[in-house]
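Novice: Listed below, chain by chain, are the residues.
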Amino acid sequence: MLEQYGYVLVFLLAGIFFILMAFLTGWLLSPNGLLGVKYKYKKEVMVDTYECGVETYGTSWIRFNVSFYLYALLFVIFDIETVFLYPWAVSFKQLGMPGFLEMIVFIAILLVGLAYAWKKEALKWE
Amino acid sequence: MISGEKIVQLVSGLLQQVYALLGLSAYAGILDRVVCAVVMFGFVAVFVMFLVWMERKVSAHMQSRIGPNRVGPLGLLQTLADAIKLTTKEDVHPVKRDKIPYFIAPILAFVATFMGMVVVPFDNKMVVADLNIGILYIIAITSFTVIAILSAGWSSNNKYSLLGGFRSAAQIVSYEVPLVLSLVPVIMITGKLNFSGIVQYQQQAGYWFVFPQFVAFVTFIASATAEANRAPFDIPEAESELTGGFHTEYSGVKFAMFFLGEYVAVVVSSAVAATVFLGGWLPPFPFLGFIPGFLWFMLKVLLVIYLIMAFRWTFPRLRVDQLMDFGWKVLIPITVLNILVTGFVVLLAGKGA
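Chains as they are written, first to last, in the numbering used here: chain A, 1 to 126; chain B, 1 to 353.
Hints in this document: simulated from the structure, not taken from any laboratory. Mixed in with the good hints, there may be bad ones.
Residues from chain B that keep clear of chain A, each with C-beta distances beyond 12 Å, as calculated [to be verified]: (1) K6; (2) F41; (3) K57; (4) R70; (5) D98.
Mimicking SDA-like on lysine to any residue, the simulated pairs with C-alpha atoms at most 25 Å apart in a straight line are [claimed, not checked]: (6) B/K89 <-> A/M21; (7) A/K40 <-> A/L24; (8) B/K85 <-> A/C52.
None of these values were measured; they are calculated from a predicted model. Every residue gets a Cβ at the ideal spot worked out from N, C-alpha and C, and that includes glycine.
Given these sequences and hints, build the entire structure.
Specialist: What follows is the structure, encoded as structure tokens:
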């Protein structure tokens with residue numbers, strides 16, 4: 001079983017290698033690259049941050065809207081729910097009715113949480 | 001009769017002889033894996049080129065246009081021309097960027113989805129590695145695109161990129177939950193997490209899961225479309241609001257990698273839909289069994305991809321609050337309800353729903 005994960009590792013390394021090769025090709029062929037056409041331009045303007053043609057004002061690394069954080073929190077809760085649901089779903093038929101009732105209780109608690117978040121307008125985008 | 005299993009046997013036999021000829025038999029295990037990766041990369045690259053062409057033709061058809069028809073027969077080489085154009089473009093980096101995440105983001109965007117191709121079963125036994133936790137693996141690996149998009153948005157130090165990246169991350173994590181939950185009923189019925197097992201179950205049962213689990217199929221396609229940031233859920237790239245979204249500051253090859261990653265994500269989601277809900281390599285009727293399984297599989301994948309492409313020109317783009325509402329207030333309750341109903345039906349019927 002474990003040797004199958006060798007494929008995963010090789011795919012990871014091969015994927016990174018292919019992308020780096022593509023970057024290398026791009027660097028070789030692009031203007032002012034090793035093999036590309038050479039030309040002169042005003043570099044300072046070209047490498048400035050794009051802001052629809054006007055000069056950039058301030059930085060973008062600022063505080064952001066809190067609703068992103070709320071969605072992230074809710075996502076973590078529901079993602080952990082799925083982590084519990086998957087092994088339960090695999091052995092669903094062996095567990096039978098008792099296991100199903102227990103899972104209903106578990107899901108119900110989470111749904112109450114979702115309903116609370118809904119009521120408190122945590123799901124409302126501003 | 002040609003089957004995927006025979007092709008695999010033939011190719012691996014051929015490879016063994018090549019290794020013996022080169023005196024590399026000792027490294028056969030590693031070389032097999034490398035060959036797999038190279039072949040899969042070639043397949044992905046060519047298939048994505050075809051898909052871009054197909055998307056243009058579908059769009060053109062739906063808007064009563066002709067579409068690309070200049071480069072090569074039927075414009076088939078148009079995408080190749082575009083790839084050459086993108087490669088010869090200058091790679092412009094903004095000076096104010098955060099260098100390391102800026103460099104890593106396009107690599108991660110592609111690699112994360114490319115690794116999902118490991119478990120996609122093209123035919124019986126024609127799969128790179130049939131992991132016993134295939135579904136879990138594919139969901140876990142493809143979620144790494146969130147990190148790529150967030151780091152691209154943050155590291156560009158551009159307001160459009162940042163907003164696009166945040167919106168995209170919020171959207172992807174919101175639709176991740178219904179995506180994962182919509183697969184749970186199928187796992188409950190089959191009791192298996194690997195793709196080949198699910199297809200074999202459908203073969204024995206004699207039906208595809210799209211019929212008993214139609215709700216799950218619809219929610220899966222909807223959330224997969226949102227996961228891949230495609231229209232009508234393409235808020236992060238809403239060009240009228242955010243110019244280019246998280247890849248505003250990327251150009252040349254790096255931009256091409258985001259593009260490639262997006263299409264591979266569509267391929268992976270469609271492959272999962274085709275395998276889990278549409279019976280993978282199984283023919284729709286037994287008398288059509290003479291057509292090899294991998295052709296059926298590709299046909300089903302293309303069908304799902306066509307559906308996703310048709311969405312783009314069928315539905316208007318959602319507003320960002322409507323988008324989040326649709327995920328949390330519509331899809332999640334429906335999928336949870338679907339799990340409960342499936343559970344009851346399976347337990348009361350005593351066997352498959």
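Novice: Which hint numbers does the structure go against, in order from smallest to largest?
Specialist: Of the numbered hints, 2, 5 do not hold.
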